[in-house]
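**Student:** Residue numbers (the numbering used here), protein chains in the order written: chain A, 1 to 114; chain B, 115 to 230.
Incorrect hints may have been included.
To be verified - Some residues of chain A that are not near chain B, with every Cβ distance over 12 angstroms (derived):
hint, residue
1, D17
2, K68
3, E113
Stated by the list, open to error - A few chain A residues that face chain B, going by a derived Cβ cut-off under 7 angstroms, partial list only:
hint, residue
4, L46
5, G98
6, G107
By construction, these hints were calculated from the structure, which means they are not laboratory data.
Using N, Cα and C, we set each Cβ at its ideal position, and we do this for glycine too.
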Amino acid sequence: GENVEQHPSTLSVQEGDSAVIKCTYSDSASNYFPWYKQELGKGPQLIIDIRSNVGEKKDQRIAVTLNKTAKHFSLHITETQPEDSAVYFCAASRLTGGGNKLTFGTGTQLKVEL
Amino acid sequence: GAGVSQTPSNKVTEKGKYVELRCDPISGHTALYWYRQSLGQGPEFLIYFQGTGAADDSGLPNDRFFAVRPEGSVSTLKIQRTERGDSAVYLCASSPNGGWSTETQYFGPGTRLLVL
Chain A
1 GENVEQHPST
11 LSVQEGDSAV
21 IKCTYSDSAS
31 NYFPWYKQEL
41 GKGPQLIIDI
51 RSNVGEKKDQ
61 RIAVTLNKTA
71 KHFSLHITET
81 QPEDSAVYFC
91 AASRLTGGGN
101 KLTFGTGTQL
111 KVEL
Chain B
115 GAGVSQTPSN
125 KVTEKGKYVE
135 LRCDPISGHT
145 ALYWYRQSLG
155 QGPEFLIYFQ
165 GTGAADDSGL
175 PNDRFFAVRP
185 EGSVSTLKIQ
195 RTERGDSAVY
205 LCASSPNGGW
215 STETQYFGPG
225 TRLLVL
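Next comes chain B alone, as it looks inside the complex (with noise of 0.2 angstroms):
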């Protein structure tokens, strides 16, 4: 089937505008991830959802950024008031279950966000 697919796949904006990041996990995964890949860099967590709910959003930077998942499934990641520092590769990844199991995250191709 098809896996984790991100939109957009580059995004280019100025600094203090506002950005939304859209991830479709794979379909009947319930735990959704997302992380941020800085150039040289490996992934730096930001956000886990179990479902519905943010379960853990202690990687996010700061209250800039914001995450939803309303219906358990798409996830748009959500920053605001860009900055230069910003720019990085945003990478969503599901996983089956996110429970004590220890199941795999299946990453997204990434969204490459430049703010300029």
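For reference, chain A alone in the conformation it holds in the complex (with noise of 0.2 angstroms):
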């Protein structure tokens, strides 16, 4: 089966900084890589999501970078605010037809200082 890898476990910058959360994937045939963003306390949610026929996606802070030859994509946040304090899910999945399974990484706490 699918084994998504995380790093890092922590990760903690000043506001206005960029982070950049990375992740591997194993299973050549995954088509599909969304993050997550998960609060304390609430379920995941989505905060944005990558196809393997795309080599990157952004949504204003938030970017995305898959590499597919090398099975590794990326989560890059700039400039930074408090509010992007949170645990980051990396995810992939293989569309079958059969639904959307989704293998979650081990998360990345995400810390943005004053």
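Grab the two chains, each in its own frame, and use the hints to assemble them into the complex.
**Tutor:** Okay, here's the thing in structure tokens:
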């Protein structure tokens, strides 16, 4: 089955700096890569996703890049703000027509310091 | 409209007891997923429903775990003879269609299960 590794486990940045979180996956057939933000006591919330036919996607301060050859993808947050502090999870799945079973990484605790 | 809701928000039970966890998906969403999240880990897939049927139950850890979705909306995750290792947050997610399209999964807040 799919295995997703995520680094770093914790990340502390100063407000206004950029943050980068990296993930690798094992199943070359995976074709969907979402990123979720989880705040304490809440469920994960999708912040951005990318399909395997696209190398990069951007949404305001958030961007994701995908390298299919190397089987890794990254989340980039620019101009970080205190409200960006949360746990971020990457995930991967193989869309087969039988659902979208996500395999998650172990999470990155991002802390944005004033 | 309303998001995915889960009840109870917290459940404390004793080892060996039976528990039921409920998920109300977003209205009209045909796909429903259950995940389990242990402390400090990412969610792990348990089971996927398309409509009323369990299309993929490969993530259920053993036969003590069972889930139903009799009318294609609300789903109940049932755990028999609970063990301390079952303690975790149980997350439910729904999406409009679990087919080929890349549909966002919308997660509920989870049920925190503690088995004493």
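**Student:** Evaluate each hint against the coordinates.
**Tutor:** Now the hints, each set against the structure:
Remark: the non-interface label on D17 (chain A) is consistent with the geometry, its nearest Cβ contact in chain B lying 25 angstroms away (cut-off 12 angstroms). The claim that K68 (chain A) is not at the interface with chain B holds, since no C-beta of that chain comes within 12 angstroms of its own (minimum 16 angstroms). Once the 12 angstroms rule is applied to beta carbons, E113 (chain A) is consistent with being away from chain B; the minimum gap is 22 angstroms. For L46 (chain A), the shortest C-beta to C-beta distance to chain B is roughly 5 angstroms, which falls under 7 angstroms, so the interface hint holds.
Taking 7 angstroms as the C-beta cut-off, the interface hint given for G98 (chain A) holds, the closest approach to chain B being about 6 angstroms. Given hint, G107 (chain A) at the interface with chain B, holds; its Cβ is 5 angstroms from that chain's nearest Cβ, closer than 7 angstroms.
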